[in-house]
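Colleague: With chain A fixed as given, assemble chain B onto it according to the hints.
Number of protein chains: 2
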Amino acid sequence: MAKDKKVEQITDMEVDFAQWFTDICTKAELVDYSGVKGLFILRPYGYAIWENIQAVLDRKFKELGHTNVSMPVLIPESLLQKEKDHVQGFAPECAWVTVGGSEELPERLCIRPTSETLFCDHWSHIIHSWRDLPCLYNQWCSVLRWEKTTRPFLRGREFLWQEGHTLHATEEEARKETLQMLEVYAELCEEYLAMPVLRGNKTDKEKFAGAVNTYTIECMMHDHKALQSGTSHYFGDGFAQAFGIQFSDKENKLRYPHQTSWGLSTRTIGGLIMTHGDNSGLVVPPRIAPLQVIVLPIAAHRPGVTEKAEEIVARLQAAGVRVKGDFSDNSPGWKFANWEMKGVPVRLEIGPKDMEAGKCVAVSRCDGSKTDIPLDALETRIPELLEEVQKSLFERAKRNLEENTFSAQTVDEVRQIVEGSGGFIKTMWCGDEACELKMKELAGVTSRCIPFEQEIVGDVCPVCGRPAKTMVVWGQAY
Amino acid sequence: MAKDKKVEQITDMEVDFAQWFTDICTKAELVDYSGVKGLFILRPYGYAIWENIQAVLDRKFKELGHTNVSMPVLIPESLLQKEKDHVQGFAPECAWVTVGGSEELPERLCIRPTSETLFCDHWSHIIHSWRDLPCLYNQWCSVLRWEKTTRPFLRGREFLWQEGHTLHATEEEARKETLQMLEVYAELCEEYLAMPVLRGNKTDKEKFAGAVNTYTIECMMHDHKALQSGTSHYFGDGFAQAFGIQFSDKENKLRYPHQTSWGLSTRTIGGLIMTHGDNSGLVVPPRIAPLQVIVLPIAAHRPGVTEKAEEIVARLQAAGVRVKGDFSDNSPGWKFANWEMKGVPVRLEIGPKDMEAGKCVAVSRCDGSKTDIPLDALETRIPELLEEVQKSLFERAKRNLEENTFSAQTVDEVRQIVEGSGGFIKTMWCGDEACELKMKELAGVTSRCIPFEQEIVGDVCPVCGRPAKTMVVWGQAY
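Read top to bottom, the protein sequences are chains A and B.
Residue numbering for the first sequence follows my numbering, beginning at 1 and increasing consecutively.
Residue numbering for the second sequence follows my numbering, beginning at 1 and increasing consecutively.
Just chain A, with the same shape it has in the complex:
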């Protein structure tokens, strides 16, 4: 039967981590594959998680003075080419429209891989005076990057994201914005997605095409690999010069403004899966969960059970909890497995014996622990329990991050860690890109970031032996 297929066993993560991930994506009904490789369908449950992420970010953006806009989906090739580093970074992975209606186009148009060039072109029309600054824009949309290998959430040829683009009168203000928006992403990850982050600066090699600085938040997955979960870029006035964006300052002098951009995508849902999921399926932190509580009547045929379950649903709904009851004719076993697969943070069971005792049983999706909840304390105890689950998930993820972060003095030590359990590896670094490349070649890791919180874990660069400038964190990454 179709309905039983849905909750068939998924691959254990210890057996095949990649397959475990894909199994959750499809069996928790987050995505479906479309007819085009790398273009995924976000199904209702997957999209609802994205909507909750959107709601958190959109509110924070607006509180900080940003407004949403909508830019075209297509970029003329000549526009993409205006900033040299940028076009080199993105042109090789663009999808190109060459025919419109029945006619060959005079110039080919790419589907936006990112929209810096569109924002800059627009700004060159509308920015005239210091009164027009700062310009604090954001856009919710999808972008296309024609990747060779693709995976749901982690590497799609199309993915949903938001891209913030801002323009400021001074470097100081723009740099402040860049860091502020990284902090917004860090808050989303830590406080809502229960994913602890490592904040830092990307090396020149790893930064965004055309940026002066790229800041990143890096999260650690179950397999100890890193997921870059959000980035924020400071551009200086390079794009402004390339696009001829100038403003007259208060002394009526023409100047180039300073620019930032920052983006966070549906990739974070992939991060959520690989941070909290287990061999029974997805686990969604309560604050971001489309459904926080599922109520299951036990022995529903017995008098009053269904009515009591319905009453519990109604009371929790009235208390602001995102809750549903499963009154289908599926077996209890099927229901348990199905809602575990979906990662609903709390399952509430109510049966005849519970009713007699004036209680119900709450089961945490974090650790399976059971708690008796007196029925007359539902409205206070369930929100408390949801907060406890939220906290437990964060703490478990934090332990994973801390226990799998190491320091190393030599390239050999780095390689041994990578070949062992993997993880984040701190070393000193001379700052030379040649050493960064050598580390990748010899130990199979890339630089994840130069953490804002620096430590002195040695004196010299483990690759060249020269005096070290900064501490870098290395890792294998998605």
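Since no wrong hints were added, every one of them can be taken at face value.
The list makes no distinction among identical chains, and a pair is therefore deemed to hold if it is satisfied within one copy or across any two copies.
In silico DSSO-like cross-links for lysine-lysine, where the CA-CA straight-line distance does not exceed 30 Å:
(1) Lys324 / Lys60
(2) Lys335 / Lys250
(3) Lys308 / Lys324
(4) Lys84 / Lys148
(5) Lys27 / Lys370
(6) Lys82 / Lys148
(7) Lys62 / Lys176
(8) Lys82 / Lys27
(9) Lys469 / Lys205
(10) Lys207 / Lys469
(11) Lys426 / Lys205
(12) Lys250 / Lys27
(13) Lys27 / Lys253
(14) Lys398 / Lys176
(15) Lys324 / Lys353
Hints listed in this document are in silico derivations from the structure and should not be mistaken for laboratory results.
Modeller: Just chain B now, with coordinates in the frame of chain A:
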């Protein structure tokens, strides 16, 4: 000075209606032109109106059990071709991706002009049993149609919209959904956008490519032309058959489900402009306005005026009004013109004399009428006034619709009305497409709809003289 340019005089609508419209689009800062013809930038103020429309619809959709999903932006040519009528309707105006990365694609992909084929392909994977129905989906996105002539909001090669797609076990249920969603659009238009609508059925000639029935709401613009503002389609099981979507019913028999789709786009913002705007600029109905009240201090240099204005802003904000104060150093004349251009429904003026009298002056953007508002009654009187403005706008638009709706007995009468003031013209009709085409040829009008509320305005078809079957409303349309 740049800031004065923004409020330079716009073209009078009586002089050049099309130019008046375009002037409002750019001078009220709703849109900017991009480097690609027909692809427009929605600026913060224009996008904020769209966000308010989205919020109303998204809430209504969800209350009615719909969930949002995200489909790919690209459709393989072979998928588009699966339903014959559909591909004939859309293929000629598609934009085609032929190159991905640096490689020619084996099959060209079009940017979605609408997503029926994508939803059907997905449904063919996930629909198995009656338990999987109904499937009530919606998507917020942009679509592309490679039009020859383009205008902001009214005819873009790219436009933002929502497209609802649903699948039902029975024809009855699907037909009910089709009409229900048309009613949701009608409510949005009448209750929020203050645009009275004419509801009806499209003729076969005017219906959506592949639909059995298309229902429409038609609004009348200042120039007495019609704007099709939202459509809802019943597809029968034609797509389901073409895409092999089947479900086993409760008797375990395989059946084809019945399908609907319905869409409303940023076109409605064009309708808003041409329904309420005047020669001073945009007029936005309060319930949908990004900014409902603008507070202007008069003689702001006089002691206490700015402080009082700030206090008014704070009090109204706390009362849930979308309000801002203009404390810039621009002249009062510039401020008046600027906020009139933006169509903010109520302007509140507060000066030294008003303060002495314990009042402020509210000016309605609908008719310029002034009302003294006692300062101690702000929180009740301003929301009341906003509702009055909302109502006045609707009533004015309703008068325009009623006063410019006519009945005609002959093709000559229809032509005379079209050549005079224009408007909606009711005639009887035999139901023959040849007569519909002839009416267009002879009188320059298309059938807008077969209204749900039928009247008997004659006995025979004015074109062929044969007995009439239904009443049709004709008009010139955007």
